[in-house]
Amino acid sequence: MADHDTIAVEVTRYRPEQESVPAPQCYRVPLRKEWTILDGLNHIKDRLDGTLSYRWSCRMGICGSCGMTVNGEPKLACSTFLTDYAPGSIRVEPMRNFPVIRDLVVDISDFMAKLPKVKPWLIRADEDEQEDGEYLQTPEEKEAYQRYSMCINCMLCYSACPVYALEPTFLGPAVIALGQRYNLDSRDQGAEDRRDVLASAEGAWACTLVGECSVACPKGVDPAGAIQRYKLTAATKSLKEFLLPRGAR
Amino acid sequence: MTASGSGLAPARPYRQPVSRLWWLRRRSYLLFALRELSCVFVAWFVAFTLMLVVAVGSGPEPYRDFLDWSARPWVIALNVIAAAFVLLHAVTWFNLAPKAMVVRLGGRPVRPAAVVAAHYLLWIVCSIIAVWVILR
Chain E
1 MADHDTIAVE
11 VTRYRPEQES
21 VPAPQCYRVP
31 LRKEWTILDG
41 LNHIKDRLDG
51 TLSYRWSCRM
61 GICGSCGMTV
71 NGEPKLACST
81 FLTDYAPGSI
91 RVEPMRNFPV
101 IRDLVVDISD
111 FMAKLPKVKP
121 WLIRADEDEQ
131 EDGEYLQTPE
141 EKEAYQRYSM
151 CINCMLCYSA
161 CPVYALEPTF
171 LGPAVIALGQ
181 RYNLDSRDQG
191 AEDRRDVLAS
201 AEGAWACTLV
211 GECSVACPKG
221 VDPAGAIQRY
231 KLTAATKSLK
241 EFLLPRGAR
Chain S
1001 MTASGSGLAP
1011 ARPYRQPVSR
1021 LWWLRRRSYL
1031 LFALRELSCV
1041 FVAWFVAFTL
1051 MLVVAVGSGP
1061 EPYRDFLDWS
1071 ARPWVIALNV
1081 IAAAFVLLHA
1091 VTWFNLAPKA
1101 MVVRLGGRPV
1111 RPAAVVAAHY
1121 LLWIVCSIIA
1131 VWVILR
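Same order as they appear, the protein sequences are chains E and S. In terms of the numbering used here, the first sequence opens at residue 1 and continues consecutively. In terms of the numbering used here, the second sequence opens at residue 1001 and continues consecutively.
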């Protein structure tokens, strides 16, 4: 295969039984218009080197499994095309800010532990009976939270966030945005239940608005916006509690 | 099944160290670091204004001394740098406003650009009032 028909892909390898620190390994993969980075990695795995480890599933930007660092940027491997980097080479590294288990596979248990803390589900003070039907919502009420409901838990926002890199206790962009997704849902009554976690020092207030989470998000969720909105909500609520008598809040 | 039982090597996750110069890696990180630094200069302006108020309250002589001190090159240089940082602080703060507040007028969400414009308009109005009070 001629050189211009292929592209060099430099993949970070980390096999704990072989290497003490990750090191790059170069492969040449066919440069095809319709091939994504993930197709390139699958080619490596199937044809060139079966020892390469990475996560993937749906191939269509929905499962959120194939988050990686491509030429320094947090990207979904399935939504990033090889041709966008040609001519030249592509450097594929694991997502930043997570411990690397093997090659491109990172340990996501920190995110998984934080996610349920914001109770990302509908909370009702009293559940209606099933025969009463669905909880109805106007298009405007749906629009109020829909953007935040697009999150696919790919964690690219964590990879982009320098606050998370420096303070691993930070709840992080996606988790706070998902808390907001339910807070802003007209069917939900759980904002008060989420407040202790969302308005804590490790919650929204740890965010210093770098804004890179919203740049990295492949689904247009805008976690940075969700966090700033929550800061305003939390501050207004605290101020009201401080100034107003109980009945008027 | 344990790692040793399965014949796998024990997990030894690698943690990438965060470089001391991480804030130089991207333009947005640098801008963020500068914006965080700007709060020091905002505090300096508060201190400078308070010193001015004290000088004015202490009579003509201390006020003149304060003006002489303010005219020293290093104080002017410091104030020029502080002004630049305070401007950065204000602009980034205004740009953040539409992210934090979702304003609805007549049931429709107001465009983010309009929210930013309203902030700048208010800033100009306040500045005109301040200039009028000082120069009248």
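Treat each hint with caution, since some may be false.
[Said to hold, decoys possible] On the chain S side, residues computed to face chain E include the following (Cβ under 7 Å): (1) Trp1093; (2) Phe1094; (3) Ala1100.
[Said to hold, decoys possible] Once the Cα atoms are required to be at most 20 Å apart in a straight line, the calculated SDA-like pairs of lysine to any residue come out as: (4) E:Lys117 / E:Glu192; (5) E:Lys142 / S:Ala1097; (6) E:Lys142 / S:Val1103; (7) E:Lys114 / E:Ser53; (8) E:Lys237 / S:Ala1100; (9) E:Lys142 / S:Leu1105; (10) E:Lys33 / E:Thr12; (11) E:Lys33 / S:Leu1105; (12) E:Lys237 / S:Gly1106; (13) E:Lys117 / E:Gln189; (14) E:Lys114 / E:Gly50; (15) E:Lys240 / S:Met1101; (16) E:Lys119 / E:Ile152.
Since the hints were derived computationally from the structure, they do not count as laboratory data. Here the structure is a predicted model, which is why all the values come from computation and not from measurement. Positions of the beta carbon are idealized from the N, C-alpha and C atoms, including for glycine.
Against the structure, the hints:
1. Because the smallest distance between the Cβ of Trp1093 of chain S and any Cβ of chain E comes to about 10 Å, over 7 Å, the interface hint for this residue is violated.
2. At about 13 Å, the closest approach between the beta carbon of Phe1094 of chain S and any beta carbon in chain E exceeds 7 Å, and the interface hint on this residue is violated.
3. Nearest Cβ of chain E to the Cβ of Ala1100 of chain S: about 4 Å, under the 7 Å cut. The hint holds.
4. Distance hint between Lys117 of chain E and Glu192 of chain E is fulfilled; the C-alpha atoms sit about 13 Å from each other, no more than 20 Å.
5. At roughly 23 Å between alpha-carbon atoms, Lys142 of chain E and Ala1097 of chain S are farther apart than 20 Å, so this suggested pair is violated.
6. Only pairs whose Cα atoms come within 20 Å are accepted, and Lys142 of chain E paired with Val1103 of chain S is accepted, the gap being roughly 17 Å.
7. Our distance criterion of 20 Å between C-alpha atoms is broken by Lys114 of chain E and Ser53 of chain E, whose separation comes to about 26 Å.
8. For the hint linking Lys237 of chain E to Ala1100 of chain S, the alpha-carbon distance of about 15 Å falls within 20 Å, and the restraint holds.
9. Between Lys142 of chain E and Leu1105 of chain S the alpha-carbon distance is near 18 Å, which keeps this suggested pair within the 20 Å criterion.
10. The straight-line distance between the Cα atoms of Lys33 of chain E and Thr12 of chain E is roughly 24 Å, outside the 20 Å bound, and the hint therefore fails.
11. For the proposed pair Lys33 of chain E and Leu1105 of chain S, the alpha carbon gap of about 46 Å is over 20 Å, so the pair is violated.
12. This hinted pair does not check out: Lys237 of chain E and Gly1106 of chain S have alpha carbons roughly 24 Å apart, beyond 20 Å.
13. A distance of roughly 16 Å separates the Cα atoms of Lys117 of chain E and Gln189 of chain E; the hinted pair therefore holds under the 20 Å criterion.
14. Between Lys114 of chain E and Gly50 of chain E the CA atoms are separated by roughly 34 Å; this puts the pair beyond 20 Å, and the hint is violated.
15. As the CA atoms of Lys240 of chain E and Met1101 of chain S are separated by approximately 17 Å, the hinted pair is consistent with the 20 Å bound.
16. A C-alpha spacing of about 16 Å is found between Lys119 of chain E and Ile152 of chain E, which places the hinted pair at or below 20 Å, so the restraint holds.
When each numbered hint is compared with the structure, violations occur for hints 1, 2, 5, 7, 10, 11, 12 and 14.
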